[in-house]
Amino acid sequence: MTTVTGPAARRRSVLADTGLYLAVGVCALLFLVPFYLIVRNALSTDAEITGENWQFFPTDIQWGNIGELFSDPTVPFARSLLNSAVVGVLHTIGTLLVSSLAGYGLARIPHRHANKVFFLVLGTLMVPAAVTFVPSFVLVSSLGWVSSLRGLIIPGLFSGFTCFLFRQFFLGFPKELEEAARVDGLGHWGAYWRIVVPNSLNFFAAMATITFISGWNSFLWPLVIGQDQEAWTVQVALSSYMTNQTVNFHLIFMATAISLLPLVFVFLFLQRWLVQGVAQTGIKG
Amino acid sequence: MARTSVNKATARSFWLFTGPFLIGLIVFVYVPIGWSAWLSLFEARSTVTPTTFVGLDNYVQMLTDEAFVDSLVTFTVFAAIVTPVTWAFSLTLALMVNRLRFMRAFFRSVFFLPTACSFVAASLIWKMSVFSGVRFGLANTVLGWFGIDNIAWLASPDPPWYWLVIVTVRLWLQSGFYMILFLAALQNIPPSLYEAAAIDGAERGWQTFRYITLPQLRATSTAVILLLLIAAYQAFDEFFNLLAKTTWGRPPLVELYFTALGENQDYGRGSAGALILTVLICVVTLLQGKFLGFGRGEEEK
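Read top to bottom, the protein sequences are chains A and B.
full-length UniProt numbering puts the first residue of the first sequence at 1, with every later residue one more than the last.
full-length UniProt numbering puts the first residue of the second sequence at 1, with every later residue one more than the last.
Bound conformation, chain A alone (with noise of 0.2 Å):
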C-alpha cells in the first residue's frame, strides 16, 4: 500500500487514469456505432449505403426519406405507428390500473384468502409469458380476437411480476398517512386514490416507463396476433422489411430510426425514471 503522494505516484494514477478514460472512450465508441449507422443509413441514397468504397456520412441528406417511407404501400408503416401508439399507451395505462390495484390489496387489506391469491400471482412468475404464447394464441384465437386491437392489448395486462413490484412498494408505503385518512372517515377505496397515489406519483412513473417501453419494443406477441397488415405494429412492419423480396435499404432504415423516436424522447426526459425503474425491477426480480 501506498499513502505517499509523491511524483511517481501520482504520475502513475495519472497513467492509470487516461488508461480508463481510453478504455471507456473505446467502448463508448462501440455502443453508438449501431446508432450511426441508422442515422447514416437512413439520410443516404442506397447508392451511397451499397457504394464501393465507406462513405462516412452522405453528401446529400436524403430528407426525402421520409415522405417515401410514408407513401411505400407494401408496408403499412403509419398504420403501425398508430397501433404502436395505441397499443403502448392503452397497455401502459391498463397495466398500471389492475396491477397496482391488486398490489395494494395484497400488501395492506387483510382476507383470509390474501394468500391464496398472492400464490396465484408469484405462480406466473416462475413461468415466462412468452412460453405461453400457444396457449394464449388458442384463447385468443377462439375469442376471435386475433388481427384487433383487443387482442394485441388485454391478454398483456396481467402481469404477475408488474403486481409484486406494487406490492413490494406499498409494503413499505408509510401506514401513518393511510391512517390518518382513515380517521378522516374514508374506506380503503378513498384512501388509495387520495393519499397513496398521489404521495407514490414517482413510483408509477417508474413503473410506466418501463412498462411504455416493454410494450412499444414487444414483437412475439404482436406478430402471433398481427395476422393481417392492418394490425401491425411498428416492431412486426420492422420485421417484414428483413423478409421482404426487394431490400430499399435506405426506407429500412428510416423506418427504424422512426420506430426509436418514442425511446429517444423517453431518454431525453424520462430517463432518471426509466434508471429508477431498472433498478426497481431489476434487484426485486
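I should point out that these hints are in silico values taken from the structure, not numbers from a laboratory.
Take these hints with a grain of salt, some might be off.
Okay, the calculated beta carbon distance ranges per label pair [said to hold, decoys possible]:
#1 B:Val85 to A:Leu261: 23 to 33 Å
#2 A:Trp54 to B:Ala244: 21 to 31 Å
#3 B:Glu203 to A:Glu52: 49 to 59 Å
#4 B:Ala11 to A:Val183: 15 to 25 Å
#5 B:Ala155 to A:Gly19: 32 to 42 Å
#6 B:Ala198 to A:Glu176: 36 to 46 Å
#7 A:Leu122 to B:Leu171: 22 to 32 Å
Glycine included, each C-beta is placed from N, C-alpha and C at the ideal position.
Model the placement of chain B on the given structure of chain A, informed by the hints.
Then chain B, alone, in the frame of chain A:
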C-alpha cells in the same frame, strides 16, 4: 355486529382491489395453460376443439423430434455463452464507470442507451448493416481494410459465425441494464471495508476486487445471472429476425412458433412443447435458486 360489518367491508375492498387483476390472471394465464395441457393430449391440427385423444403421443413426438431437441441444445449453448459473457462485461463496465471522476453520467447514459432499443431494431441493424454478409456491411468493410475476404456471417452454419452475431446483439442491448444494477450495488459497498483492507496491506486492484468487491456483489451477481438465464430462455426476437430463413440456430420458442403457427398449425404438439419448456424453466429456476441461494436471500430480506 359492528365488527362483522367492518369485516364485510374489508372483504369487499379486498376483492374490489384484487378482483380485476385476479380474473384477468385466471382467464388469460391459467386458463390458457390448462387448455393447452388438455390440447397436448389430443391430435389438434388447425383446431382448438379436438376429438382424437392420443395420450402422451405429442410429448413422445416432441422429445424424439430432432428439430425440437436441437432447439434445446441451441438454447443451452446460447445460455452458456451469453450468460457469463454478459455478466462479466456488464460488471466490467460498472467497475470502469464507477471509477470515473468526470463525465460519469455521460458514459453511464451511453452504455444504457441501447437498453431502450428493441431486439427487432437491433437485429435489423446487425443483419442489414453491421454483419451484412455482403461487401458493404460494416464488419466486412473493416475486414476488407486488412485484406480479409468477405465473411457470410449469417448465411452459412459452417463455420458458425452466426453465434457471434447473435451474442453481440444481446450483449449490446442488455449490458447497460445490468451495468445499472451493478453500479447501484457498488455504491452500496461501505468504504470502510476498503480502508480496512488497505490497513491490512491488501494491494489495490486485483486483491481488493477478489476479496472485497466480488463477495460484496454476491447478491446482485446471483440476481443478474438468474435474470440473464430467464431472458435467454425467452430469446425469440433476434433469432427469428436474424435467422428467419435458415434451419440452423433455432431456439425453442422459434421452433414452437413454427410448429404451432406454421403451415401445420399443430396446436397439440405446440402445446406439448410449451409445457415441456415450462417444466424445464421451473426446474432450472428452482435448481439455480438452491445452488446459488437465491430464494434464501429473498426470505432473509
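Hint check results:
no., hint, result
1, B:Val85 to A:Leu261: 23 to 33 Å, "holds, 31 Å"
2, A:Trp54 to B:Ala244: 21 to 31 Å, "holds, 27 Å"
3, B:Glu203 to A:Glu52: 49 to 59 Å, "holds, 53 Å"
4, B:Ala11 to A:Val183: 15 to 25 Å, "holds, 22 Å"
5, B:Ala155 to A:Gly19: 32 to 42 Å, "holds, 39 Å"
6, B:Ala198 to A:Glu176: 36 to 46 Å, "holds, 43 Å"
7, A:Leu122 to B:Leu171: 22 to 32 Å, "holds, 31 Å"
Going through the hint list in order, the structure satisfies each hint without exception.
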